[in-house]
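Let chain A serve as the given structure and place chain B on it in line with the hints.
Residues per chain are reported as follows:
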Amino acid sequence: MERSTSLANISALILTTALSPLSYAELWDNEELPMVLTPARLKQSRSEVPASVSVIDREMIIASGVRRIPELFRLIPGTSVGARDGWNYVVSYHGTNYRDSRRMQVLIDGRSIYQAGLATVNWNDIPLAIEDIERIEIVRGPSTASYGANAFLGVINIISRHPEDSERLSLQARRGSNSTEDYLLSNAGQFEGGHYRVSVQTRRDDGFDEDRDGDERRDSDNSEMINLRYEKLINGANLSVGAGYKQGWTSDDFGDFDISAPDTQHKNHFVSAKLSWDLHHNHSQHLRYDYSGQKQLKDWRAMLPPALLGQPNHPSPMVTATANENSRQTRQDLEFQDTIIWSGKLKTVAGMHLKHNRVSSETYYNGLRSSNSVQVFGNLEYRLNDNIGANVGASWERDDNENRSYLSPRLALHYHFNHHHSLRAVFSEAVRTPDLLETSADWSYRVNDIEPREEGMTSGQFIITASGDPDLRAEKIISREIGYYGNFQSAGLQWDVKLFHDTLKHLISDSTALDKFSPENNNRVAQQGFETELDYRPNQAWLLHASYAYINSDSSSQNEQSFTPSNAASAMISYQWRPHSRLSLSRYYSQNTRTGSKKNNFSRSDLRLSHKPLGLQQRLEFAYVLQYRHDDNSELLSDNFYKDRSRHMFTLSLRLP
Amino acid sequence: MGFLKRILKGLQTAALLLFVGLCHSSERSPPTVVDLILPADNAALRALAAEIGRGAAFTINSYIRTPPARDQAGDILLVVSDQLLPLLQQHRYRAAFALYTNSTTFHAVARPNSSAVYSDQPLSRQLKLIEAILGGRASSIAIAWQHPRIGRQIAAARALFPQLNIVDEQLADGDNQRRINRLIQQHEVLLATPETALYNASSARSILLAAYRHQHMVIGPSQSFVSAGALASVTSQPEHYAAEIRTMIDHYLHSSKLPEPRYPQRYSVSVNSHVATALGLRIDEKILLKRLGSN
Numbered sequence: 000m001e002r003s004t005s006l007a008n009i010s011a012l013i014l015t016t017a018l019s020p021l022s023y024a025e026l027w028d029n030e031e032l033p034m035v036l037t038p039a040r041l042k043q044s045r046s047e048v049p050a051s052v053s054v055i056d057r058e059m060i061i062a063s064g065v066r067r068i069p070e071l072f073r074l075i076p077g078t079s080v081g082a083r084d085g086w087n088y089v090v091s092y093h094g095t096n097y098r099d100s101r102r103m104q105v106l107i108d109g110r111s112i113y114q115a116g117l118a119t120v121n122w123n124d125i126p127l128a129i130e131d132i133e134r135i136e137i138v139r140g141p142s143t144a145s146y147g148a149n150a151f152l153g154v155i156n157i158i159s160r161h162p163e164d165s166e167r168l169s170l171q172a173r174r175g176s177n178s179t180e181d182y183l184l185s186n187a188g189q190f191e192g193g194h195y196r197v198s199v200q201t202r203r204d205d206g207f208d209e210d211r212d213g214d215e216r217r218d219s220d221n222s223e224m225i226n227l228r229y230e231k232l233i234n235g236a237n238l239s240v241g242a243g244y245k246q247g248w249t250s251d252d253f254g255d256f257d258i259s260a261p262d263t264q265h266k267n268h269f270v271s272a273k274l275s276w277d278l279h280h281n282h283s284q285h286l287r288y289d290y291s292g293q294k295q296l297k298d299w300r301a302m303l304p305p306a307l308l309g310q311p312n313h314p315s316p317m318v319t320a321t322a323n324e325n326s327r328q329t330r331q332d333l334e335f336q337d338t339i340i341w342s343g344k345l346k347t348v349a350g351m352h353l354k355h356n357r358v359s360s361e362t363y364y365n366g367l368r369s370s371n372s373v374q375v376f377g378n379l380e381y382r383l384n385d386n387i388g389a390n391v392g393a394s395w396e397r398d399d400n401e402n403r404s405y406l407s408p409r410l411a412l413h414y415h416f417n418h419h420h421s422l423r424a425v426f427s428e429a430v431r432t433p434d435l436l437e438t439s440a441d442w443s444y445r446v447n448d449i450e451p452r453e454e455g456m457t458s459g460q461f462i463i464t465a466s467g468d469p470d471l472r473a474e475k476i477i478s479r480e481i482g483y484y485g486n487f488q489s490a491g492l493q494w495d496v497k498l499f500h501d502t503l504k505h506l507i508s509d510s511t512a513l514d515k516f517s518p519e520n521n522n523r524v525a526q527q528g529f530e531t532e533l534d535y536r537p538n539q540a541w542l543l544h545a546s547y548a549y550i551n552s553d554s555s556s557q558n559e560q561s562f563t564p565s566n567a568a569s570a571m572i573s574y575q576w577r578p579h580s581r582l583s584l585s586r587y588y589s590q591n592t593r594t595g596s597k598k599n600n601f602s603r604s605d606l607r608l609s610h611k612p613l614g615l616q617q618r619l620e621f622a623y624v625l626q627y628r629h630d631d632n633s634e635l636l637s638d639n640f641y642k643d644r645s646r647h648m649f650t651l652s653l654r655l656p
Numbered sequence: 000m001g002f003l004k005r006i007l008k009g010l011q012t013a014a015l016l017l018f019v020g021l022c023h024s025s026e027r028s029p030p031t032v033v034d035l036i037l038p039a040d041n042a043a044l045r046a047l048a049a050e051i052g053r054g055a056a057f058t059i060n061s062y063i064r065t066p067p068a069r070d071q072a073g074d075i076l077l078v079v080s081d082q083l084l085p086l087l088q089q090h091r092y093r094a095a096f097a098l099y100t101n102s103t104t105f106h107a108v109a110r111p112n113s114s115a116v117y118s119d120q121p122l123s124r125q126l127k128l129i130e131a132i133l134g135g136r137a138s139s140i141a142i143a144w145q146h147p148r149i150g151r152q153i154a155a156a157r158a159l160f161p162q163l164n165i166v167d168e169q170l171a172d173g174d175n176q177r178r179i180n181r182l183i184q185q186h187e188v189l190l191a192t193p194e195t196a197l198y199n200a201s202s203a204r205s206i207l208l209a210a211y212r213h214q215h216m217v218i219g220p221s222q223s224f225v226s227a228g229a230l231a232s233v234t235s236q237p238e239h240y241a242a243e244i245r246t247m248i249d250h251y252l253h254s255s256k257l258p259e260p261r262y263p264q265r266y267s268v269s270v271n272s273h274v275a276t277a278l279g280l281r282i283d284e285k286i287l288l289k290r291l292g293s294n
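One line per chain: the protein sequences are A and B, in this order. Counting from 0, one number per residue, gives the positions in the first sequence under numbering that gives the first Met the number 0. Counting from 0, one number per residue, gives the positions in the second sequence under numbering that gives the first Met the number 0.
So that you can see chain A by itself, here it is in the shape it has in the complex (with noise of 0.2 angstroms):
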């Protein structure tokens, strides 16, 4: 029941104009307030969620330090976070296969930034400022009943703070090891009757500094972007819209044949609107619909035998040519959701949605390509008595890039020892239907400008080629877990203890490598373990966040526990002492035994100090941030190393309220 429950959705539900029952107040000043009760009526407490459900809030991710959104979730149970290169990152809840964030859903403001076209989440194409997130949601655990294909090992829900939370202006400018260079512009206020809030960002960073040769490493970043949000209250519906638009440039490392920079430049853009409204202080409705386009524009000369470019009569014994990997796609989605509270003791959640993927690209598919996917799915939560709790919950979904359809079901069962304490026992089905570059790619460089010219040989194909299988069936996973969930209101304590039994089958693990593409359903993975988490917030000056997880995989494929933690844990604390500084320390680690290598340990602590001077208002924030690794491995892959162990980041900001 995520979709409209959690938390995430709160601030866009729908507000009603009609009148509480007339009370004595009422009566006598004619006093008519708007009840705003439907996201209370809505929420589900923690305890209550059919799934393992953390939060990463403001303060954490101030706390933190970090400036890349991915870098937030190693502070999550069970979470791998690994940069395939300096802007590359990937995020995989229980990890398996690294080569993609091809397993989760990640939403920003319910908006899915899933590329089907190139079957992956790219997290450096998000146009957000990290400042500008007010919260992080991540359900840890299959929740296609929800959300769809792609939500297989679990969902990020990101949100964005709202424009009436948001500073009326907002300037930030960051300056750090590695050439880091970012700088923030944010302006909020009223415009026709709503509230908007429109930020500008620019980052800049040179990536990881050298590979395993100690040569120096091209993955530099270079991004602007813009953002805007905007809420209005329209006759008692609530309209939403989103827009943003980043563009920039990622270098990349010089492969064997390559004789020019082989960069890319990245386009994205983005419009959302979402129209949500009550029928009733019981049942409520929304509308969304979502649009976005990447356009990645790279090309390049390589210098290579003329033969291996199918031109085995070329005069010259090696030649130049260029080759290129552009491609454009487009996403569309419309969905429509209906929430009914039936009684106290049963509510009801159900929707469609629909959604069109298109890609064109010479390169990777000669052409142009499109699927159409349509989802039913509903939620039903019953509460049997003071005790005793059930959810059940599926989804239907058809994917024409595939032509099956698959039913993935949801069922959760709560005890409540109290209104505070449940234990959860939750069993979930869930797909991931084969990406169009799975099923679809015809995956040829298609060179041209082949010199030394010679007259019809200017243009050939690399003789390597791959393609996808049409035949691919879904990914399926069937996940079993029991937890317990605490919130020690008095103490400002949460607790939560996951013990899950997951079986994946059918996996497609090969990497999407030219030379070894050849995408097949042909392994499984099995994982056990417990993960825990902890909050304890005693006041407003502490915060201590913990997590630990503990995962024993077993697979047919190297491949799909190479991103996997046998252990992993996270730390956090973070004290304020007046007048408003503060200290944070987080610590991350992370263990893959089943490599045999201690090569892929990660270990790195981070410190932030920040300070606002009692002058100006205390409007002005100095902010240090020092991370420290502790080993000497490579990050994620083996060429990511940086020079030094410290990296340090100095930040400046003004904010006017």
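Calculated from the structure, these hints are not laboratory results. Beta carbons are placed, not taken as given, at the ideal position from N, Cα and C, and that holds for glycine. Among the clues, some could well be false.
To be verified - Example chain A residues on the side facing chain B (calculated, C-beta under 8 angstroms, incomplete):
#1 His-418
#2 Gln-488
#3 Pro-656
Unchecked claim - Computed footprint of chain B on chain A, listed as stretches where at least three residues anywhere in the stretch have a Cβ under 8 angstroms from a Cβ of chain B:
#4 156-170
#5 530-539
The following block gives chain B in isolation, referenced to the frame of chain A:
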């Protein structure tokens, strides 16, 4: 004979009783008449009028919105609600009372021979409620206010509740909504003051939604806010207001001294259970009332 005797004796007793009654009534002064002016004609207000008159030492004549002509006027004027406060300005009664009037509004228009029972609740009472809800948990409580009178109440409350972490901010005219929203973000509890310039029908939605977004509590200022989506408020019921004004008028009739304007002495607690559930709180109103020590 015996029958006639009994009839004569009965007549004799009746005559005696009639004589005593006449003598007594000729000595009594006419009863005090209170002209009760109601803002509307409806069942709830008629019930309120009846409640005020129950067991009172005065007679009530009820009127809707307009007082009677001078030749029909009673001794004391009693107006109900803020919208009838202008009637206090030019009255020719011995004394005038306002019932269910906002304390700040009343002070702005009060005349020397008038008094009132306020519609709102004192901040100290609401703070006591917050203390009871928090149950000893350390939290910071934000109060956004405008009128100096409220500022003085906050200063007094600080002395009464040294254990509470109260953060207050006086708002001038301007973008108050944004400033209140900022306080909601930064503090776990917002105590809404009974200032209608800040907390009204047009600001309620934004304030309550901001509180939901941040999972924070709004306490007060009234029953209407609780119905709309605030967590809880101290409130008084119609019978509390009726008893209070009856006591005040009785006191005035006996002592000829006009009592000071005041809050209803009796009160209860109003909690929005949906909001409590959403905040992960389980609140028992009876236990709260016990902690508040309400009568």
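So, going through the hints one by one against the coordinates:
1. His-418: Holds - the Cβ of A/His-418 comes within 8 angstroms of chain B, reaching about 4 angstroms at its closest.
2. Gln-488: Holds, about 7 angstroms.
3. Pro-656: Holds. Min distance 5 angstroms.
4. 156-170: Since 4 is at least three, the answer is holds.
5. 530-539: holds (count 3)
Of the numbered hints stated above, none is contradicted by the structure.
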